[in-house]
Each structure stands twice: as C-alpha cells, then as structure tokens.
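**Q** Sequence:
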Amino acid sequence: MKNFLAVDIGGTYIKTAVIDEAGSIMKISKIKTPKSLAGLMDLIADLNQVHPGTQGIAVSCPGAVSEKGVVHGTSALPYLHGPNIKQMMAEHTGQQIFMENDANCAAYAELWKGKAKTKHDVLVIVIGTGIGGAIIKNGEVHKGANLHGGEFGYMLIPTHSENGFDTWSDTGATGALIRKVAWLKQRKADQLTGEEIFNLATAGDPVCKREVAAFYRYLALGIYNLQYIYDPELILIGGGISARPDLIQQINTSISEILRRLPGSTIKPVVDTCEFRQHANLLGAVYGLMQLEKEALH
1 MKNFLAVDIG GTYIKTAVID EAGSIMKISK IKTPKSLAGL MDLIADLNQV
51 HPGTQGIAVS CPGAVSEKGV VHGTSALPYL HGPNIKQMMA EHTGQQIFME
101 NDANCAAYAE LWKGKAKTKH DVLVIVIGTG IGGAIIKNGE VHKGANLHGG
151 EFGYMLIPTH SENGFDTWSD TGATGALIRK VAWLKQRKAD QLTGEEIFNL
201 ATAGDPVCKR EVAAFYRYLA LGIYNLQYIY DPELILIGGG ISARPDLIQQ
251 INTSISEILR RLPGSTIKPV VDTCEFRQHA NLLGAVYGLM QLEKEALH
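Position 275, counted from 1, in the sequence shown is what the UniProt record's numbering calls 275; the numbers after and before it change by one each time, with no gaps.
Calculated directly from the structure, the hints in this document are not laboratory data. Among these hints, one or two may not hold up.
[As the list claims (entries may be wrong)] The calculated DSS-like cross-link candidates involving lysine-lysine, where the alpha carbons are at most 27 Å apart (straight line), are:
1. 119 - 137
2. 2 - 35
3. 137 - 30
[Stated by the list, open to error] Cβ pair distances, simulated, as ranges:
4. 199 - 121: 44 to 54 Å
5. 46 - 81: 21 to 31 Å
6. 28 - 231: 48 to 58 Å
7. 137 - 202: 20 to 30 Å
8. 272 - 28: 21 to 31 Å
Heads up, the beta-carbon is just placed ideally off N, CA and C, and yes, glycines get one too.
Use the sequences and the hints to build the structure in full.
**A** Structure (structure tokens):
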C-alpha cells in the first residue's frame, strides 16, 4: 500500500503526517511555521528525508492555489504569494507534489470519507489564524472564476472599527481572538494560544470570557449569512478549534440568539465539525494527490 507525506501549512504551525491510500493517518507532528520561504523549503526537504519511502507530497496551504502551483490572493503567510511554490517543492525533494487550498483540502476529506460523502450542497469553514472555506456544489468542490470560491474570510462584518466593518477573518478567527486578548492584557500575541484563552474563560477570567463570547457571536453572524446565501444542507467546521468539545453547542447557542431577534428568519443552519477535525486538511490533500495520480493513468 502506498504511503504519502501530507503537509498542512498554517499561519502559525505546519502539521505533517504520513497517510496511506486507505486514509490511515500515521506519524503526526506539528512544527512552528518558518518565517521565510527559504526556511519553508528547507523544512519540506528535511521532512522528505525524515519520511523515506513516501510516494508523493500532498500539500494543503492558505490562499488561492492555481494548478501550476502559484498561490494567489492573500493569507497569513505573505511569502507564499508570487513564486511557484509547487515547482520549488518538487525541486527541493524530487517528489511529485500536489498542492491545494487548505479549505478545499478539508472539503476533499469530507467528500472522501467524511460527513459530506452523501450530501450534495455543503459548506466547509476552516478556522485558524484566519478563516478559509470551501463550497461543495452537487458533490464537487466549486473553486469559482478567480479561485476564490469559499474564501469566506473576506466577508465583511459590522464592527466598531474606524471603517465600521472588518473582515470575518479579523473578527471570527482564532488568530483574531488571540490578538484582541493580547492587546487587552498588554501581552504579545505570540505568547498566547487560543487554548489558553478558552481555559482562562472557563476559569472565570472576565476579559477572556467577554472576548470568547464575542468570538462565538462573530462566528454565528458569518454562519447565518452563509446559510442564507447558499442554503446548504450542512455547514462543517474544521481547523484546530474544531477539536473543542463544546464548539458546536456554543455556535448553536449564538445562532439561536440571532434567530430569536429575527422572527422572519426561520432556517437554522445545521452545523457540525469536520469528521477528521484538525486533520481534515492533511487527509484531503492526500485524496487530491491520489486523484491526480488517477487522472495521469487515463
């Protein structure tokens, strides 16, 4: 059975795993994301050497990823945008590279072995440093005219900022929560984690309690908007936060509060976590690589 090296590039961490063609996930690890493109390429080369015998590298990354391997749009890692990342990785490793937007990878995982397997219209929301997403339309990932289909993080949410609005990534992402709490507590953002903030909120810290409640409200506002834009059967949440056992309950509570104030809105979104939660991107990237290999055989 073939094994593949899966790499999920995030704004804060890079997750890796060896995954076989049956979808079994092995040798999971997490590393701080390098601060430069050269550092990223060195890391990919090192990972390739540490995991000999893998037959291809499947990469999930932020941004609008073209088939050629150029990453368009914006993300938490500006150095990804511009050069042909896919080609550089191939040159550094000698391996076949599959590279796709992280949220599209999460959607592939759900289509392959997850909760979207029997559905036609599903939205996938990946929450981390920013917010990404994917649209499943008639059982296939819909990328859009400019490869921005599912880039929900660009959605505008009314706030008390100077502009009167912020993006959903700037309000409903875990990274936004960390930055806000760090600012309020006069700490450096890189000295805080989302897990620490949620734990402090549970312990009764007033700042963290207030900001976690606001975080869930912003998440609920975006999900409400998406439900009425696309009317999916199901909305799946991925990213590190999907590992929180109370996530769906908290989101549903916030959505119910919104609906209570809008009696004309009668459709409540059906929200769930991705089947593979924080590992969905890794699994979906491997599915994409396997599909690429199948296409090459025909």
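**Q** For a quick check of understanding: which of the numbered hints are violated here, in increasing order?
**A** 2, 3, 4, 6 and 7
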